[in-house]
Amino acid sequence: GAGVSQSPSNKVTEKGKDVELRCDPISGHTALYWYRQRLGQGLEFLIYFQGNSAPDKSGLPSDRFSAERTGESVSTLTIQRTQQEDSAVYLCASSLSAWGSRDFSSYNSPLHFGNGTRLTVT
Amino acid sequence: GDSVTQMEGPVTLSEEAFLTINCTYTATGYPSLFWYVQYPGEGLQLLLKATKADDKGSNKGFEATYRKETTSFHLEKGSVQVSDSAVYFCALQNTGGFKTIFGAGTRLFVKA
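Chains as they are written, first to last, in my numbering: chain V, 156 to 277; chain D, 2 to 113.
Quick caveat, the hints were computed from the structure, so don't treat them as lab data.
Any given hint might turn out to be false.
[Stated by the list, open to error] BS3-like cross-link-like pairs, simulated, lysine-lysine; straight-line CA separation at most 30 Å:
1) D/K78 - D/K53
2) D/K100 - V/K212
3) V/K212 - D/K53
4) V/K166 - D/K53
Generate the whole structure from the sequences, applying the supplied hints.
Here is the structure:
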């Protein structure tokens, strides 16, 4: 079946512009996650969604970053007034469950990742 | 807070060599532990997992044992192949499973 799809795959933008990154999770996956991966570094947690709500936004680096999810499906990550330090690969992942799910049997399900969006801010 | 520490890379091995990539963690409660792999040009994918102490996860010849006493989850393979060249990430997901924390990744190069 279809995996996690992210678009665009590459985005080059000028400093100060806004960008919107999109993620289509695997159908039926209630949990959705955004991570950031800077060059040569590990994955930095940004935010996760359980359904349409975002119980944990603690990883968002600043108020320039926001995310939403509609219909327990597509999610968008928006970065306003981009800065050069925002340059990174933004990864989206989905899974069957997350905290708060009533499906205890699927707790700690592994994450399924998209191929990411490579953002370059010039 | 919870954290994962894994050995720095890159690790360069010859084909058929033995591989160990060390991973230790700090967590409250009883986390599940994972190894993810990122092959060149591809997205991250699950390699193996273990959900409780003394469990051994295995896949594609790779193994890792959940050691609660040493808070470790080292990745091993007896004989690596060129096709194993990738970046390997150790990760933990704590009770409730809402947030997966990743290590910094270890790049493996395998020479023919």
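So, going through the hints one by one against the coordinates:
{"no.": "1", "hint": "D/K78 - D/K53", "result": "holds, 21 Å"}
{"no.": "2", "hint": "D/K100 - V/K212", "result": "holds, 11 Å"}
{"no.": "3", "hint": "V/K212 - D/K53", "result": "holds, 28 Å"}
{"no.": "4", "hint": "V/K166 - D/K53", "result": "violated, 41 Å"}
Checked against the numbered hints given earlier, the structure breaks only hint 4 and satisfies all the rest.
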